Amino acid sequence: MPAGPTAFVTDVYARKIVGWKVATEMTQKLVTDAIDHAIDTRKRSGAASLDSLIHHSDAGSQYTAVAFTERLAAEGILPSVGSVGDSFDNALAESVNSSYKTELIDRQPLYPGATELALGTAEWVAFYNRQRPNGYCQDLTPDRAEALYYHRQRHPHAEEALR
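Position 77, counted from 1, in the sequence shown is what full-length UniProt numbering calls 77; the numbers after and before it change by one each time, with no gaps.
Do not take every clue at face value.
DMTMM-like, lysine to aspartate or glutamate: derived pairs with alpha carbons at most 20 angstroms apart [as the list claims (entries may be wrong)]:
hint, residue 1, residue 2
1, K101, E123
2, K43, E146
3, K43, D143
4, K43, D11
Rather than coming from a laboratory, the hints here were simulated on the basis of the structure.
Every value quoted in this text rests on a predicted model; they were computed, and no experiment measured them.
Throw the hints in and build the complete structure from the sequences for me.
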C-alpha cells in the first residue's frame, strides 16, 4: 500500500506534533480525526481549556468544511486559514510534512496495509517529538522545549536548570 494522506496538528511554540491521523483519502473526516487526537492529547496532559488555541491551516476544503469548523468551535479553538496558493503562509505544516516524507515515507514507500502505515507514523511521531532536535527550539526536542516552557511558567524565577 502506498503511503496515504496524513494530517498533522503541530504546536507552533514547541514544534510538537500533538495530533495526527493517516487515511486512504484526504477528507474532512481525516482532519477532524487529527484535531480530535490533538484535543485528546492536550486534555490528557492537563489542559483545562483549549479556548486560547488557534488552528491554522491551508484553505483546503477539508479545513473549511462546516463539520470541521464546528468541531473547533465546540472546543473554543479559533480557526485561521492561510491565503490560497502561498506555501510560505503554512510553512510549519509544509516543514513537518516534508520531514515526514523524507524521514519515513521515502525510506519505505510501500506499506502492506493501513495498520502498518499508522504504526510507522506513530513511531516517527514519537521520534520527532522525543529525540529529534529542532533548530527553532534551540536544538531541543519538541518534548523538551514544551517541558521547559511549562517549567518556566510554574517557576518564573528559576534558573534554566532543566537544560
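Status of the hints after comparison with the structure:
1. For a cut-off of 20 angstroms, the pair hint linking K101 to E123 stands: about 14 angstroms separates their Cα positions.
2. Between the alpha carbons of K43 and E146 the distance comes to roughly 15 angstroms, so the proposed pair stays at or under 20 angstroms and holds.
3. Between the alpha carbons of K43 and D143 the distance comes to roughly 16 angstroms, so the proposed pair stays at or under 20 angstroms and holds.
4. A C-alpha spacing of about 14 angstroms is found between K43 and D11, which places the hinted pair at or below 20 angstroms, so the restraint holds.
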